Amino acid sequence: MKDHYQLVIIGAGPAGLAAATVAADHGVEVALLDEQPAPGGQIFRAIEAAPVERAEKLGPEYRRGEKLVSAFRNSSVGYFPDTRVWSLSARREIGVINQQQARMITADQVLIANGAFERPVPFPGWTLPGVMNAGAGQILFKGSGIVPSDGIVLAGSGPLLLLLAWQYLRAGVKVKAVLDTISRVNYIKALPKLPSALLVHHHITQGLRYQQTLKLAGVELHNGIRDLQAHGNESLESISYRHKGSKQTLKTDSLMIHFGVIPNIHLSQAAGCDHFWHKRQQCWRPELDKWGGSSIDGILIAGDGGGIGGARTAEHAGRIAAFRILHNLGILNQRESKIEAAQDRKWMKADLRIRPFLEKLFRIPDSMLRVPHDNAIVCRCEEVTAGKIRSAIAAGHSDSNQVKFFTRCGMGPCQGQQCSQAVAHIVADKTNTPLQQSAQFRIRPPLKPLTLGELASIYPEERE
Amino acid sequence: MFKRLDESPRQTVTVIINGRSVAVPQGESVAAAVLAENIGYSRTTPVKQLPRAPFCMMGVCFDCLMVIDGVPNQQACMVQVRDGMHIERQHGSGV
Amino acid sequence: MKSDVIIIGGGLMGFSTALQLAMRGLRCTVLEKESPGRHASGINAGGLRQLNRNPAEIPLTVEAAKMWRSIEALVDSDCDVRFPGQLRVAESADDLDLLEQRAAMVRSLGYEHEEMIGREELYQLAPALAPHCLGALICREDGYARPFHALTAFRHKACSLGVEYRVNTVVDAVERERGMWRITTRKGEFQAPVLVNCAGAWAGHIAASLGEPVPLKPGAPMIMVTERLPHFVDPVIGAAGRKLSFKQMQNGTLLIGGAHMASLDFHKEQSEIKWPKLAVSARSVMALFPQLKDVRIVRTWAGIEAFTPDNLPVICKSSTAEDAYHAFGFSAHGFQLSPLIGRIVAELIVDGISSFPIEPFDITRFKSS
Numbered sequence: 038m039k040d041h042y043q044l045v046i047i048g049a050g051p052a053g054l055a056a057a058t059v060a061a062d063h064g065v066e067v068a069l070l071d072e073q074p075a076p077g078g079q080i081f082r083a084i085e086a087a088p089v090e091r092a093e094k095l096g097p098e099y100r101r102g103e104k105l106v107s108a109f110r111n112s113s114v115g116y117f118p119d120t121r122v123w124s125l126s127a128r129r130e131i132g133v134i135n136q137q138q139a140r141m142i143t144a145d146q147v148l149i150a151n152g153a154f155e156r157p158v159p160f161p162g163w164t165l166p167g168v169m170n171a172g173a174g175q176i177l178f179k180g181s182g183i184v185p186s187d188g189i190v191l192a193g194s195g196p197l198l199l200l201l202a203w204q205y206l207r208a209g210v211k212v213k214a215v216l217d218t219i220s221r222v223n224y225i226k227a228l229p230k231l232p233s234a235l236l237v238h239h240h241i242t243q244g245l246r247y248q249q250t251l252k253l254a255g256v257e258l259h260n261g262i263r264d265l266q267a268h269g270n271e272s273l274e275s276i277s278y279r280h281k282g283s284k285q286t287l288k289t290d291s292l293m294i295h296f297g298v299i300p301n302i303h304l305s306q307a308a309g310c311d312h313f314w315h316k317r318q319q320c321w322r323p324e325l326d327k328w329g330g331s332s333i334d335g336i337l338i339a340g341d342g343g344g345i346g347g348a349r350t351a352e353h354a355g356r357i358a359a360f361r362i363l364h365n366l367g368i369l370n371q372r373e374s375k376i377e378a379a380q381d382r383k384w385m386k387a388d389l390r391i392r393p394f395l396e397k398l399f400r401i402p403d404s405m406l407r408v409p410h411d412n413a414i415v416c417r418c419e420e421v422t423a424g425k426i427r428s429a430i431a432a433g434h435s436d437s438n439q440v441k442f443f444t445r446c447g448m449g450p451c452q453g454q455q456c457s458q459a460v461a462h463i464v465a466d467k468t469n470t471p472l473q474q475s476a477q478f479r480i481r482p483p484l485k486p487l488t489l490g491e492l493a494s495i496y497p498e499e500r501e
Numbered sequence: 004m005f006k007r008l009d010e011s012p013r014q015t016v017t018v019i020i021n022g023r024s025v026a027v028p029q030g031e032s033v034a035a036a037v038l039a040e041n042i043g044y045s046r047t048t049p050v051k052q053l054p055r056a057p058f059c060m061m062g063v064c065f066d067c068l069m070v071i072d073g074v075p076n077q078q079a080c081m082v083q084v085r086d087g088m089h090i091e092r093q094h095g096s097g098v
Numbered sequence: 294m295k296s297d298v299i300i301i302g303g304g305l306m307g308f309s310t311a312l313q314l315a316m317r318g319l320r321c322t323v324l325e326k327e328s329p330g331r332h333a334s335g336i337n338a339g340g341l342r343q344l345n346r347n348p349a350e351i352p353l354t355v356e357a358a359k360m361w362r363s364i365e366a367l368v369d370s371d372c373d374v375r376f377p378g379q380l381r382v383a384e385s386a387d388d389l390d391l392l393e394q395r396a397a398m399v400r401s402l403g404y405e406h407e408e409m410i411g412r413e414e415l416y417q418l419a420p421a422l423a424p425h426c427l428g429a430l431i432c433r434e435d436g437y438a439r440p441f442h443a444l445t446a447f448r449h450k451a452c453s454l455g456v457e458y459r460v461n462t463v464v465d466a467v468e469r470e471r472g473m474w475r476i477t478t479r480k481g482e483f484q485a486p487v488l489v490n491c492a493g494a495w496a497g498h499i500a501a502s503l504g505e506p507v508p509l510k511p512g513a514p515m516i517m518v519t520e521r522l523p524h525f526v527d528p529v530i531g532a533a534g535r536k537l538s539f540k541q542m543q544n545g546t547l548l549i550g551g552a553h554m555a556s557l558d559f560h561k562e563q564s565e566i567k568w569p570k571l572a573v574s575a576r577s578v579m580a581l582f583p584q585l586k587d588v589r590i591v592r593t594w595a596g597i598e599a600f601t602p603d604n605l606p607v608i609c610k611s612s613t614a615e616d617a618y619h620a621f622g623f624s625a626h627g628f629q630l631s632p633l634i635g636r637i638v639a640e641l642i643v644d645g646i647s648s649f650p651i652e653p654f655d656i657t658r659f660k661s662s
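The listed protein sequences derive, respectively, from chains P, Y and R.
Each residue of the first sequence is one higher than the last, beginning at 38 in this note's numbering.
Each residue of the second sequence is one higher than the last, beginning at 4 in this note's numbering.
Each residue of the third sequence is one higher than the last, beginning at 294 in this note's numbering.
In isolation and in its complexed conformation, chain P is listed as follows (with noise of 0.2 Å):
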């Protein structure tokens, strides 16, 4: 790895390996820092390494990858896998942990491409053993080929739990129960949005006709349901949820939920970027211009990261943003990298076409934001509940980061990732501000642990 490059990206998934593969074609010196051991992001996890009748069970959206990696593979980028990112500055210094060591790294132009993950949506006994994010559960097919065993319970709400049902039930696996918050509001609302949906033959608009695959294959299929909880001792043994008014109790050893993504917007956030809530997707996203550049010079973002569109947008965003780079790295002029970017603006505008329509039909409810139980543990690090934010906000502690300072919810390792949200949302709805004026927990670097030898070993030379 060199101290400096005219471009680094973070994330190898669909985003960061069309731009980088783009600005390598244009004779750009690219790095592209990946914390993954291999390249295609979460969406493309193990694409290379993954056995054909696999990658089959996983279906054809998930085989477009292999294209853009190998393409990637051909580029000249300087590839860094297994690398993270711990710092990112306004001034495109990067705080990097490469090999088992730490430097600090610049760039001409940084573009984040680090995509989402699941919305964390605390509820009593989501920290058991025996309950994960359908996306972990994802990533254990796509990756190692491993499956629940026992009959499995999906529970919330998003294409990816169906698609996840979808995939099981190829692979043989017994889906008990899925058990999805959409409630018959939700389509309502989102029937308006249907018919653009469905100008575009969306994979996901196909992907909503998994529900009947479901149900002939005698999947137990609930929408609408309410106050899912997960019980048991040392592991899951039983879950609990209220459909149609009435309680209902089943007996699993496998809970997987989803409740949609939200864009990972530490690094943004570390760089100073500006963010906005965006109440449509339910989640803070950075604001960017329609190049990805962010509120900071030479800093773009491009994929989920930037909100949430999915894998063949994040892939345009990522050319798009990297047409952008060329030309303020002064390798294309202003109107050579528009006619560059033309063809994916036009294709990125049909694929976003289904977004208004999804937002709407996969909406959480806002009471579930607000973990009704008090209980509840919101961090999950620290092990708050969510009683102990609300009395910390009731004794006048009252935006998140008071809440922080008081309770410790927010410090642990994950750097507050999983209980930001839902602590944003306590807040607003106990003090009664809108979640767009809260304020977020400041972010305090290192963003991934990072030990003192190692930072010690990046300075060797500082003296007091």
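A few of these clues could be false.
Said to hold, decoys possible - Label-pair distances were calculated between CB atoms; the ranges are:
(1) ARG479(P) to GLN484(R): 47 to 53 Å
(2) LYS316(P) to GLU562(R): 25 to 31 Å
(3) PRO486(R) to THR468(P): 32 to 38 Å
(4) ARG207(P) to LYS561(R): 32 to 38 Å
(5) SER11(Y) to HIS268(P): 35 to 41 Å
(6) LYS586(R) to ARG85(Y): 18 to 24 Å
(7) LYS586(R) to SER220(P): 50 to 56 Å
(8) ASN604(R) to GLN473(P): 38 to 44 Å
(9) ARG85(Y) to ARG207(P): 28 to 34 Å
(10) GLY433(P) to ARG412(R): 47 to 53 Å
To be verified - Covered stretches of chain Y (in silico footprint by chain P; criterion: 3 or more residues with CB under 8 Å from a CB of chain P, positions within the stretch not fixed):
(11) 8-22
(12) 28-34
(13) 52-64
(14) 87-93
Worth flagging that the hints you see were computed from the coordinates, not collected in a lab.
As the structure is a prediction and not an experimental result, all values here were calculated from the model.
All C-beta atoms, glycine included, are put in the ideal place defined by N, C-alpha and C.
On the provided structure of chain P, position chains Y and R as indicated by the hints.
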């Protein structure tokens, strides 16, 4: 509980999970290998000593912390198995 | 709204002052520009240190230490205090000389809280320490507390005695009119006959508007915290030859400070960590505890604090305005003093004079410079 799909055999390495030798596919994450072993929980928490297991599998939640080759607080989902690797449950802050 | 005293600054000094005034029966309003303890009060390292203070501060720090010992009686909370002692380690013969001179100086002033200990006792107190140390200066009564908890306790107790406070209340103007202070804020106007300036890094503005500017310099000392570790060290550790303050907190995390400064945009209230300087802190820790090399840092921060040219606070009656008082500029070591500062300011307001020697902290000392 988890199982491995019946797939064409791959190259394996041997790791020691809580004292037991296990053959696992090369290139797999420690968290995946541990889940496939169905050991129940992979750590207890430092505050309330409650059991936890891998949750996000992608490096964001830090719930899969384990003691790997004697070093505590390793994110099992971000570390790949190596031949002869010792993987142990972490208790609390990792003593 | 009207009260007897308006206190600008909702940090520890402000609430400590409000509490003491309320205990003497005065009605106080605390105006805070953001949230209570947002800056220095909330984010400091929580050290309760008498060790190695400027001689001028010794009478104050010794009394403050007594107050911390029985802090629960004052604020109904123990503020999570611990008193495992603080050490200043000698790593060379020169260090040892320096510390011995210090101990002698403190003794000559008639105080006994600081004393030298030899190698043997040092390793009894801190067996995990690297073997090269020769001895240490110690204050056995020193320790630490959790600053935000302390702040909250002071606030709650003050409020229980009738103190009012306003958050997000930025002061725009301070004027004196017919024996009353009129404070114009973005949240309306406040009036009181007495004004106290506890505005921390922003206190310079208030002092200037009273016609007595102070060369106050904002800074942002950096702190880093590690993951939780099994308990291995009791006392707070510093070193004669290093900028370092190191302690293992109640929950097992290590808190590492050293007064290395972050870069600061004071106007925007944004600080940015200077990694090269934290690397020096990391190396200092590793020199004293080599076994911590692989310990993970999980969090760093830098809070805004105000420094005076002589690193001594300003605690006094205004030299230019009637019924105005100052308590600010604690230069990153005010936490320990905070319970007493409220008492001193309350004495100045109620009795007209403090029972403590506060002459060195007068605001007029900056005039000639």
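### Message
Hint by hint, where does the structure go against what was stated? Just the numbers, ascending.
### Response
Hints 1, 4, 14 contradicted; others consistent.
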